[in-house]
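S.K.: Spelled out, the chains give:
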Amino acid sequence: MAGDALSVRDLQKSFGKNHVLRGIDLSLTPGSVTVLMGANGAGKSTLVKVICGHHPADGGTMTLAGDRFTPHDAADAIRKGVVTVHQSIDDGVIPDLDVANNLMLDRLVERGHGLFVRETQLREEAAKVAAAMGIDVNLKARVSDLAVADRQMIAIARAMARAPKVLILDEPTSSLSATEADRLFALIDRLRDQGVAILYISHRMSDIRRLADRIVVMRDGAISGLFETAPLDYEAAVTAMLGHRMTEVDVTVQDGTTPVLELSDLRLHSGAAPINLEARDGEVVALVGLLGSGKSRLAEILFGMAGPAAGTMRISGAAYSPRSVEDAIAQGVFLSPKDRGTNAVVPDFGIADNMTLPFLKSLSVGSFLDARRQRGRTQAMVDQLGIVCQTVTDSIGTLSGGNQQKVMIARWLLEQAKVLLLDEPFQGVDIGARRDIGRHIRATAQGRATLVFLAEIDEALEIADRIVVLHENAIVGEHRNQNIDLAALVADISGSDIPTTGAQP
Amino acid sequence: MNDRLLDFAIRYGFLILLVGLIVYFSLAAPGFFGPLSAAFVLQSVAITGILALGVTCTLVVGGFDLSIGAVATSALMLSAYSMVILEHSAIVAVALCLGMGALVGFINGLLIVKFRVPDLLATLGMMFLLIGLQRIPTQGNSIATGMTLNDGTVAEGTFSAAFLWLGRHRFDLFIERLLPMPVVIFIGIAVLIWLFLGFTRHGRLMYAIGSNARAASLVGTPVNAYKIAAYMISGVTASIGGILLAARLGRGDIASGNNLLLDSVAAALIGFAVLGAARPNAFGTAIGALFVGILLQGMTMMNAPYYTQDFVKGAVLVAALVFTFYLSSRRTGAGH
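Protein chains in written order, with UniProt numbering: chain A, 1 to 505; chain B, 1 to 336.
Heads up, a few of these hints could be off.
Claimed, not checked - Here are some, though not all, of the chain A residues that point toward chain B, as calculated from beta-carbon distances under 7 Å:
{"id": "1", "residue": "E326"}
{"id": "2", "residue": "P347"}
{"id": "3", "residue": "L357"}
{"id": "4", "residue": "P358"}
{"id": "5", "residue": "S364"}
{"id": "6", "residue": "S367"}
Everything labelled a hint here was simulated from the structure, so no lab data went into it. The C-beta atom is built at its ideal place from N, Cα and C for all residues, glycine as well.
Model the full structure from these sequences, guided by the hints.
M.R.: Below is the structure:
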């Protein structure tokens, strides 16, 4: 289209055997905000990296204001008018310099600038830029002393100093509070009015409602939904993002027996709605919600990494308020964290050392490790979960992602948990390993309460007896995993009609 | 086949080099191969080896201890001050030194885990502090029996025989009075640290902390306590090194121990290359210390000038580091 600022046709990108972008068509129009939604691994980041010149495309074309656009690198893309503000803010600012210097930084690297910095002139110009962007901070403050939102604004202001045609914002609100986000939105509104084409990547529903003129949804490397007629259909967008093909896994729903974990009036943050939840022996409860729904916070509180703002927790009737991770584990609450690469895998260790790490004490005689028992216990788990490896002493790095994840889950099945928490257990896991893990979790569910924290509906339907939906730090829906009303479930997740359907029983 | 060869080279290359070096010197330098020469090499590396074993523990938890040399010289001065000026017994002097080492390690650990000072900077600061502190009580003078004190009195105390025994006693082995006490202590500490790091759950958790501290804390490891413990081990072993140095010299010499830090850090880093471990380990550290000792002894016996020593040590260290990081990364690259 002639009027498009940026248009992308049939874009292809593979990393080795992994076909990440499978023919993406996308167009951005000047003076509008296009929201790009997609779950983790949908290919959003890759798409952004191709557009901003970080990766070359394998196939397809891009045109920028009618001209062919093939950036060699990030600097080239910026020169041509495509500017990206990445997720980690500190990529966009220099924390040790003051605000004025940050705003004028691009001026300093220009060729004709001369040797000496003209301090007064620099400050005057910085003040002008700040005023134009509606940034109200002390220009002499060091950027590292500013709030996250202010740093974000400065990163965007720097980007705007290059007068871009296209501005890409990658999850800019992921570390902002609600009021901070409001200020960012005001800035985005202003840029929209100036005629910039904005691509806004997020899966926070509140952001999307506030900003979106159009919504493009990605799933598995392809566009799975395009919404551009007002009023935008947010629920359909969430469905397109999460997908819920009926799965082949048949779950025989267990209602559980005696209550194990009881949460009463638990508040994740001060001011958040109270959470009441009961998880029973033998039951697998999936807690689903989008990013920022409070899932991670709840997991942290249950595992002793943070304290609740208010409320009480009980395990088997006894009060439970863990002071630390060690304390939580000692009381029988185990957590397999998300992002195994950062939070779980010890890259220098073999499979056996990785798996048995939490329970080395019970595998030791005095202080000395019993290596044979360590290997024996690991081998038993390897057999049960079908972990594909040569020997249990192989380095963890030799395993595939799915097998690594199996090791990380098996770690917490070595001893009997009272409450087992699994945070995104299927992250970066192929479908085969996902089925193996799900089956094993369900098969061993007796004797404990299991809580699984998930973003994807498919995964919840495969593993859970009961699905509890979190939205903005509160429980907004509860569904028994039998003849489930998917429309109601999706509505709960996207938070579109909190007061009516799916409210707590 | 090529991969196997590379693997073999990474695993045994350094040990083969060590054996080759011994064979070469034995042929080229008469008198190199024999118990006396071996005892001499061991004696020359015993104290740096002990310090290196301590710094290995801090490397295991992903830290670094630059204060070990200063802790050792502080222990040297403290033991002299305690016995010569305060006229304490050997046991009191040793206890004071060990306590000082543990305290310094504890403070290093606190600076790093509680005050979030980066390890290199915290221990660098501690190094300066100790170098200065050890000079204050004697106005920068060395300590020896008969020295005149501030108030005009003469220091009457002496290094007790029991204390000197720690540095100077030689055990009979094959030949009478062959094996010096510091060597026995070095071997003892090496075996202890080797068992601790390699075979106890505490050692395993320390390696886990060094490899991924967040993962370690999420399985319930008291990460901060282990880090502090590592610095305390390092402080105590450094003070043992200082005690042995004092016992060998028999006086509180302000200028001795200048090279201790660099030599022991080099030994620990060379140890990464031994058996292709590519990580800090007690066996490697001991072999690393020996390697440097053998090389210097052989060169000395072949009449290489003393001022080439530091150059040779540096060259060995750089070669070992390349060996560890470049070859090992190629191996892991090939594994995928």
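S.K.: For each hint, tell me whether it holds in the structure or not.
M.R.: Quick rundown of the hints versus the structure:
no.: 1; hint: E326; in the structure: 4 Å, holds
no.: 2; hint: P347; in the structure: 6 Å, holds
no.: 3; hint: L357; in the structure: 5 Å, holds
no.: 4; hint: P358; in the structure: 4 Å, holds
no.: 5; hint: S364; in the structure: 5 Å, holds
no.: 6; hint: S367; in the structure: 4 Å, holds
In terms of the numbered hints stated before, the structure departs from none.
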